[in-house]
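Participant: Residue numbers (our numbering), protein chains in the order written: chain A, 3 to 180; chain B, 3 to 206.
Note that these hints are calculated values from the structure, not bench results. Treat the numbers as computed from the prediction; the structure is a model and nothing was measured. One or more hints might be untrue.
[Unchecked claim] Capping the alpha-carbon separation at 20 Å, the derived lysine to any residue pairs in SDA-like fashion look like this:
1) K71/B / K83/B
2) K125/B / T159/A
3) K6/A / K71/B
4) K125/B / L153/B
5) K125/B / T162/A
6) K71/B / A38/A
7) K6/A / I88/B
8) K115/A / I88/B
9) K141/B / M138/A
10) K64/A / M77/B
11) K57/B / K115/A
12) K64/A / I74/B
13) K83/B / T57/A
14) K57/B / A43/A
15) K125/B / N139/A
16) K83/B / G100/B
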Amino acid sequence: MNRKHIALLLIGICGFLFIQIAMMARKERDKTALTANSLQAEEIAERTSLTASATQLNTLQKSSETLITFLDQWEPLLEAVKTGDSAEVQFISKIRDGNLVTLSQRFETVQLKAGSALPTATRAQLTFEDNYARLMNWLGGLEENLPTVRVNSLKITQGTRPQDVRMELTVDQPIYRP
Amino acid sequence: MQIPRRIIDDFKNDRKGILPPLKPILRLVPMLFYLAAASAFVLTTLFIVHTGILKSNIEVYNAGIADAKAQIANMAAERAKLELRILKATDVQAWVEGSRPLQPLAVAVSRSIGDNATLGDLKLTRDEQSPATLTLTMKLGSASATSRQQLDLTTASIAKDYRLVQPQQTFSQGEVDYRVTLVNPAQATNDPEEEPAPPATNTP
Chain A
3 MNRKHIALLL IGICGFLFIQ IAMMARKERD KTALTANSLQ AEEIAERTSL
53 TASATQLNTL QKSSETLITF LDQWEPLLEA VKTGDSAEVQ FISKIRDGNL
103 VTLSQRFETV QLKAGSALPT ATRAQLTFED NYARLMNWLG GLEENLPTVR
153 VNSLKITQGT RPQDVRMELT VDQPIYRP
Chain B
3 MQIPRRIIDD FKNDRKGILP PLKPILRLVP MLFYLAAASA FVLTTLFIVH
53 TGILKSNIEV YNAGIADAKA QIANMAAERA KLELRILKAT DVQAWVEGSR
103 PLQPLAVAVS RSIGDNATLG DLKLTRDEQS PATLTLTMKL GSASATSRQQ
153 LDLTTASIAK DYRLVQPQQT FSQGEVDYRV TLVNPAQATN DPEEEPAPPA
203 TNTP
């Protein structure tokens with residue numbers, strides 16, 4: 003092998019290296035293209051998922067519109083009584099305002115439904131003996147002014163005096179968990 | 003004066019160390035070298051440019067994916083919040099529906115009592131499982147001839163607002179013990195299978 007052969011060999015090696023460089027660039031391009039295609043597919047999938055989520059949310063918003071409006075109307079009334087103590091104070095205030103003959107009043111905290119928006123309630127067990135009309139007016143006022151209370155039981159019997167009646171009430175005031 | 007080329011050539015000595023020429027086929031090697039160099043340059047440039055475009059696309063796709071994921075997360079959070087509100091609203095609605103005032107009912111019963119009758123006891127109790135359902139128990143006193151009429155009047159006044167289910171009445175010496183379950187009509191329409199039960203009269 004003489005110098006001309008060596009020169010040819012070197013030229014051949016250089017040419018081969020050039021081709022290799024081009025091949026490496028192509029390989030890198032292919033790899034990048036593969037990643038780009040995969041990401042493009044992922045983006046399309048995410049956009050599709052986004053559209054589906056938006057549709058579901060929209061449907062849920064429309065279907066629950068009445069219910070949410072209902073809650074918006076009632077929530078301020080429920081939030082007005084945040085603790086058992088405030089519920090008790092509220093009951094005592096109403097009884098005092100009624101100026102009725104109160105035979106007994108007892109308050110306790112009862113469990114309603116664990117995990118719900120109204121988990122507990124303050125239960126008032128009240129016994130009055132007074133004029134029938136006064137009692138009925140007071141009860142009507144209670145249910146009207148405190149629309150969130152629930153009268154669980156109402157018992158009206160003859161009072162000690164002929165013109166009086168005895169009214170036994172069990173009233174629950176729910177404690178709202180916002 | 004010009005000397006002919008042939009004569010000059012004749013003066014030349016034989017040059018030492020001159021290599022023999024290569025085979026003609028090997029002339030292809032430098033030609034292929036130039037071809038490879040030129041094509042490698044062109045192709046590499048194209049591949050690099052294309053790779054750059056693809057990389058910028060990847061950035062766009064990544065940004066799009068991140069944006070979509072963020073929006074999905076926002077929507078999921080909004081949906082969770084809305085579902086929580088719906089649950090609360092359902093609880094509150096159930097409470098409110100089961101808290102229908104009793105005073106109007108008690109007043110209606112009292113007002114239905116005629117001059118010849120008396121209302122002994124009146125008891126209204128909510129069902130614990132279904133608070134919209136009430137149990138009414140009352141004791142009516144009247145002359146035996148009018149007790150049934152009085153009861154009809156009273157039940158008619160109740161039936162304006164409630165559906166009467168399973169009434170039980172016991173007539174005894176001018177007194178009527180009456181017990182009935184009162185169902186909220188709004189609730190009753192949600193339960194089409196429950197039909198009004200026929201009145202059950204227990205007369206001793």
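Participant: Quick check: which numbered hints come out false for this structure?
Facilitator: Numbers 3, 7, 11, 16 - these are the hints that the structure violates, sorted from lowest upward.
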